[in-house]
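Work the whole structure out from these sequences, hints included.
Using the working numbering, the first residue of the sequence shown is number 81, and each one after it goes up by one.
Just so you know, these hints were derived from the structure itself, not from any lab.
All figures in this text were calculated on a predicted structure; none of them were measured in a lab.
Check before you lean on any hint, since a few could be wrong.
Unchecked claim - Quick list of the computed label-pair ranges, beta carbon to beta carbon:
hint, residue 1, residue 2, range
1, Leu320, Ala126, 28 to 38 Å
2, His209, Ala165, 14 to 24 Å
3, Glu83, Gly234, 40 to 50 Å
4, Glu83, Pro153, 30 to 40 Å
5, Pro236, Glu191, 19 to 29 Å
6, Glu83, Ala134, 20 to 30 Å
7, Ile90, Pro236, 21 to 31 Å
C-beta atoms are modelled at their ideal positions from N, C-alpha and C, and glycine is treated no differently.
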Amino acid sequence: MNEATTRPLIGKVAIVTGAARNIGRAIAVELGRQGASVIVNAHTSAAEAEQTAALAEQAGGQAAVHLADVSRPEGAQGLIAAAVARFGCIDILVNNAAVRREVRFDDLGWEEWRRVTGVILDGAYLCAHAAAPHLRQSAAGAIVNIGGMSAHSGAPGRAHVVAAKAGLVGLTRALAHDLSDSGVTVNCVVPGLIDTVRGHSAQGAPAHHATHATLLGRRGAAQEVADLVVFLCGPKGRYLTGQTLHANGGAYLG
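Below you can see the structure in the form of structure tokens.
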């Protein structure tokens, strides 16, 4: 069995936003394991992003870190430019960056609304828009947006997160149409109850998690989400586009 079979993403260049920890880290490392060169993006978590890059390289890929605020045009454009400057092209974009603070709707101010929707939805748009010319040149371009189960089930205290993650589903479907003429696939992976270390922006485990149970009787692992994302980016996922795929052990049946 040759290496192209065992590591199907050799020669591909991937960007993973919000890859300093948890699901983003697992995706970046698995992309590296499958042979891709990976740009690990984070906003300010430099040390953790460097750890992710080191793990991706240990897994067998190449990796570099680029810190950027993807909610701002200059941040997203700089990220894409850095990837091209470092590795020469872009084949894969994974829009994972998110902040998930819980705030009662009565207390949800405009600045907080814009901060969360800016990272999740504006960030995905800005990165996809900047990357599109490069993805169109790839023989197998792929975008994977990372959604959220609460966008489908609803949740208290998360109007900004729910709205932004639901917007990713619409963006996925629209981009699948707009980029199909170049063979670029666009899909949305929706993690459910996944064991992760919550960052300060998430304020610990979401309250609505206590109201959900999985049919499989366990929470998922970040690696299980990463495996699905990488499948969509690889040669066996080329006939899937415009789809929303749920990875939640049956906590939500979409």
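Comparing the hints with the structure gives:
1. Roughly 34 Å separates the CB atoms of Leu320 and Ala126, a value that falls within the hinted 28 to 38 Å.
2. In this structure the hint that His209 and Ala165 lie 14 to 24 Å apart at CB holds, the actual value being about 18 Å.
3. Hint check: Glu83 to Gly234, Cβ distance near 46 Å, so the stated range 40 to 50 Å holds.
4. Look at Glu83 against Pro153: about 39 Å separates their beta carbons, and that is inside 30 to 40 Å.
5. At roughly 21 Å, the beta-carbon separation of Pro236 and Glu191 lies within the given 19 to 29 Å, and the hint holds.
6. The beta-carbon spacing between Glu83 and Ala134, approximately 22 Å, falls within the hinted interval of 20 to 30 Å.
7. Hint check: Ile90 to Pro236, Cβ distance near 45 Å, so the stated range 21 to 31 Å is violated.
Consistency with the previously given hints fails for number 7 only.
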